[in-house]
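Peer 1: Sequences and hints are given; from them, build the entire structure.
So the protein lines, in turn, are chains L and P. The first sequence begins at 1 in my numbering and counts up by one. The second sequence begins at 1001 in my numbering and counts up by one.
Since the hints were made in silico from the structure, they are not lab data. Since the structure is predicted, the reported quantities are computational estimates derived from the model, not experimental observations. Mixed in with the good hints, there may be bad ones.
Said to hold, decoys possible - If you want the footprint, here are the derived chain P segments under chain L, 3+ residues with CB under 8 angstroms:
#, region
1, 1041-1049
2, 1055-1069
3, 1080-1090
What the hints assert, rightly or not - Example chain L residues on the side facing chain P (calculated, C-beta under 8 angstroms, incomplete):
#, residue
4, 47
5, 137
6, 159
7, 165
8, 168
9, 194
10, 196
11, 198
Cβ atoms here follow ideal geometry from the backbone N, Cα and C, with glycine treated the same way.
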Amino acid sequence: MKKIQIGFILTFVLGMGLIFGTVAQNQGYKIGDVATDFKLQSVDGSWVSLPENAKGAMVIFSCNTCPYVVAYEDRMIDLHKKYAPKGYPVIAINANDAKVSPGDSFNKMKERSKSKKFLFAYVHDQSQEVIKAYGGLRTPHVYLLHKEGDDFIVKYIGAIDNNYQDPNGVTEKYVERALDDVMNGRKVAVESTKAIGCTIKWTKKAE
Amino acid sequence: MKVLVYSFLLIFINPNSNGELNQSMTDSTFQIISYPEFEEMINTPSEKIRIYNFWATWCGPCVKEMPYFEKTQEEDNSIELNFISMDDGRKPERVTSFMKKKGIQAPVYLLNDVDYNKWIDKVDPSWSGAIPATLFIRSDGTKSFHEGEMTEDELKLIINQLK
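Peer 2: Set out below in structure tokens:
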């Protein structure tokens, strides 16, 4: 009898965990929400927040270890080169837990940034509070923010473009199109997209 | 869309506890498919609970959970398992050599369409696109979707809930 009870409790707990796991995925920002500011350490040692003097930012949840991120690194550098002077710098945030994914440690981030000559801020969200607030679910995952008054408003959420394999095969530059709309005061035509990506390596709760 | 079919025989030679050679053969299928072909596959009725596990050879959590799926399929003949690879369609040998190395029994289909935004919502609107992810289809056609890595217990729990 006791075994049955334990089995039932275990089934219930696991079931609730799965249900809440699914619900948790739907949290985070939607288009039009005000994005929270943060203060995260960059690979150069400085502390990075949403830029006060900019027009917005491209916040990209990123990492060292995901092949999709690696495929997009050069394009992230190009986006920063092209749009930082126009007021929309790239801020890449790695939220992966280094205990779960050792290749994503802060030291490895420094190495990656140096070898790829990242021009953008590459910051560490060790507590994972920022990614949870934004609702980032995979890498790479872009949040395009546009400043309205003192607020950073979420204007686009999703992929960089529609071909991770081949930059020359891209037919839809989602982020650039969204930026073009925002900079010209238009409503963003495609506000959200999805792409295959790597899971976030969440910190495991102490048993 | 040109479909490449790779079918190969895998021969495993493992010494058993007596130090003798134990030879077994498995016949596993590998196929590169388009999204419409995947859609046709999932829309074909079956009396079994069909499982489509989205994975890639380079994805650690995916590779970790694959044996749970294979074991569950072995123990439970009411399910039909298919692995849907998100690997690079230009390099299918990465998948076939992985299958050989790991002795994968279930059919593997490489879904070769990188225009992801066009089809992720069609698989399931709740899917963010992160892998691993798994689509379950009951014999009556109703679907259930799980994003993220699963333990063996979680997988069995979901299957039992679908029965």
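Peer 1: Taking 8 angstroms as the limit, does the beta-carbon of residue 137 of chain L come near enough to a beta-carbon in chain P?
Peer 2: Holds - the Cβ of residue 137 of chain L comes within 8 angstroms of chain P, reaching about 4 angstroms at its closest.
Peer 1: Can you verify the interface hint for residue 194 of chain L: is its Cβ closer than 8 angstroms to any Cβ in chain P?
Peer 2: holds, 4 angstroms
Peer 1: Are residue 168 of chain L and chain P close enough, Cβ to Cβ, to be under 8 angstroms, as the hint says?
Peer 2: violated, 13 angstroms
Peer 1: Under 8 angstroms is the threshold here; is the Cβ of residue 165 of chain L close enough to any Cβ of chain P for the hint to stand?
Peer 2: holds, 5 angstroms
Peer 1: Closer than 8 angstroms between Cβ atoms is the bar; does residue 196 of chain L clear it against chain P? Give me holds or violated.
Peer 2: Holds, because the Cβ-Cβ distance from residue 196 of chain L to chain P comes to roughly 5 angstroms (cut-off 8 angstroms).
Peer 1: Once the shortest beta carbon distance from residue 198 of chain L to chain P is found, is it less than 8 angstroms?
Peer 2: holds, 7 angstroms
Peer 1: Taking a Cβ-Cβ distance under 8 angstroms as contact, does the region 1055-1069 of chain P have three or more residues in contact with chain L?
Peer 2: Our answer is that it holds, as 5 residues pass the Cβ test (under 8 angstroms) against chain L, meeting three.
Peer 1: If you take the shortest Cβ to Cβ gap from residue 159 of chain L to chain P, is it below 8 angstroms?
Peer 2: Holds, because the Cβ-Cβ distance from residue 159 of chain L to chain P comes to roughly 6 angstroms (cut-off 8 angstroms).
Peer 1: Within the assertion that chain L covers the region 1041-1049 of chain P, do at least three residues meet a Cβ-to-Cβ distance smaller than 8 angstroms?
Peer 2: It is violated: at least three residues are needed, and the region 1041-1049 of chain P offers just 0 whose Cβ sits closer than 8 angstroms to chain L.
Peer 1: May I ask you to test the interface hint for residue 47 of chain L with respect to chain P, counting a Cβ-Cβ separation under 8 angstroms as satisfied?
Peer 2: With Cβ-Cβ at 29 angstroms, over 8 angstroms, it is violated.
Peer 1: Verify the coverage statement for the region 1080-1090 of chain P against chain L, using a C-beta to C-beta distance below 8 angstroms and requiring 3 or more qualifying residues.
Peer 2: holds (count 3)
Violation of the numbered hints given earlier is confined to hints 1, 4, 8; the remaining hints are satisfied by the structure.
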